[in-house]
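Using the sequences plus the hints, can you model the full thing?
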Amino acid sequence: MKLIVAIIQPYRLDEVKQALYSADVQLMTVSEVLGHGRQGGVTEVYRGSRETGNLLRKIRLEIAVNDDWVEPTITAIVSGAKTGELGDGKIFVYSLEECIRIRTEERGPSAIG
Amino acid sequence: MISNANNAWVLFSAVLVMFMTVPALGLFYGGLVKKKNVLALMMQSFTCLIVVSLLWVTVGYSLAFSPTEWIPGVLGDFKWALLNGISPIDPSPYTVSDPNGPVSHLTFVIFQCMFAVITPAVISGAFAERMKFSSYLVFSVLWLFLVYIPLAHMAWSTNGFFAKHGLMDYAGGTVVEINSGFSALAGVLLLGRRKNLKHLPPHNLTYTLIGGAMLWFGWFGFNAGSGLAADGLAANAVLTTNTAAAAAGLVWAILDWVVQKKPTILGAVTGAVGGLVAITPAAGYVTVGGALLLGASAGAVCFIFVVFVKSSLGYDDSLDAFGVHGIAGVLGTIGVGLLASPAITAPFHMNGGKGFAGLFFGDPHALGIQIEATVTSMIWAFLGTLAVFALLEVTMGLRVTERDEAIGLDITQHNEKAYTLIE
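Those protein sequence lines, which keep their order, are chains A and B. Residue 24 in the numbering used here sits at position 24 of the first sequence, and the numbers go up by one each step. Take the position in the second sequence, starting the count at 1, then add 1000; the result is the number in the numbering used here.
A portion of the hints provided could be inaccurate.
BS3-like, lysine-lysine: derived pairs with alpha carbons at most 25 angstroms apart [stated by the list, open to error]:
#1 B/1354 x B/1034
#2 A/82 x B/1195
#3 B/1261 x B/1195
#4 A/17 x A/90
#5 B/1035 x B/1354
#6 B/1164 x B/1035
#7 B/1035 x A/17
#8 B/1195 x A/90
#9 B/1164 x A/17
#10 B/1354 x B/1195
#11 A/82 x A/17
#12 B/1310 x A/82
#13 B/1079 x A/17
#14 A/82 x B/1035
#15 B/1034 x B/1164
Label pairs and their computed distance ranges (CB to CB) [said to hold, decoys possible]:
#16 B/1422 x A/108: 32 to 38 angstroms
#17 A/46 x B/1346: 55 to 61 angstroms
#18 B/1315 x A/37: 36 to 42 angstroms
#19 B/1235 x A/29: 56 to 62 angstroms
#20 B/1201 x A/75: 28 to 34 angstroms
#21 A/85 x B/1315: 27 to 33 angstroms
#22 B/1235 x A/31: 52 to 58 angstroms
#23 A/66 x B/1133: 48 to 54 angstroms
#24 B/1309 x A/52: 45 to 51 angstroms
#25 B/1383 x A/31: 48 to 54 angstroms
Hints were generated in silico from the structure; no laboratory data involved. Glycine is no exception: its CB is placed at the ideal position from the N, C-alpha and C atoms.
Given below as structure tokens:
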């Protein structure tokens, strides 16, 4: 079992979702986060005071999958999120120790899908 | 001799109309866009208030309303530039229902100023989320001179040919509503659609509801101030305005319920604004019964346009400036040619004492004039705005880059954002 965490551009969320659905990955958690990588932050100005290095809005996706679903999921996220520009984001893959479906209390790989 | 009572009401009406542009329209529109574009949208309304206010007192009012003209029937001259030669005790050269109690000429100037402010602000809804601020700024100047001022002169100045033909346009169905609606359509066609258009819900409908309610509030000044008197005709205008808004809001909400399964807040508010638009040319000519009919039909017709026609034609009128203001403006301006009742205007000795009558009240002549003015305004607004936009497109460009559109206009055009995520 793996936990895939992807940080993407907010405006690519729709494409990423569609790509995941096409790859038959239907489960995900989405949150709005702030951050930046090599793209750098933006400069904002409020009544003359410049505030540099402001963090950019990003979308964080978390998807728990069984091992044979890792590559299809990564491929789907990349196909939806990639523009070739700085700031497209990153994908992290973690090992997942346990997964419990609360409703049935079943555990392990069968609880993920 | 100036009537201080009338003057007080029309001055206050001018203030109410100012409130319609900022904050009302800014909130009404602002709630409908994505949260990365809300400031840019509100800034467009605010820009109209700033730019048009300055243009109006310098040369705008004079070009629109001076009795001496450069182009007969179309454009005045600089007689009243910087309001030169207008004394605070001068009576307004224009009266509607109370010729013996004119307001101060300066009151008329500021009341008309607020009309000129809100009209381009209404159009801005069509360009939401994709137009460069620099181009918008230039647009607001060019458009005022090339499109608004000549149309205001045609419709409202004593030399204008609409006025000479006996057009019934109480508060701006042609100059404000048809004008802004068809200008919006021209702008939308040249500007093109937004990217990533689908699945994007309005970011804050509470803003839209508050803004819509504030528009309703301000519209009492817009319509009932247009008689330039604090008399019974103003009371009629307040009642017809309120009635038409309520009827249109109800009809849209019911249609939502039937067609889309739930009565939506956005539908009720949009419908009410459509009703306010439709009653604008008619407020001082029709009875409350006429207002019910106009409002209800505005709710239905705007619903059909926005929900079915827009989606089938595929143009991207972001915030329905055309679908609501253009369509309901046409409906109201032609509708008053049917529904005007002499029982409303005859007691004020208007139109030579016999009052204004529409087709249903025995004057078939009126409808022809209304249609003539409607078509003239539609064509004027559409072609004039098309020319302004084409000029901007070849000189400065209209749209932000695709990347800026994706990041949002607040950051890319103004270096600010409306909401923070942390703190």
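Inset, instruction - Against the earlier hints, flag every one the structure doesn't satisfy and list their numbers going up. - result: 1, 3, 5, 6, 9, 10, 12, 13 and 15
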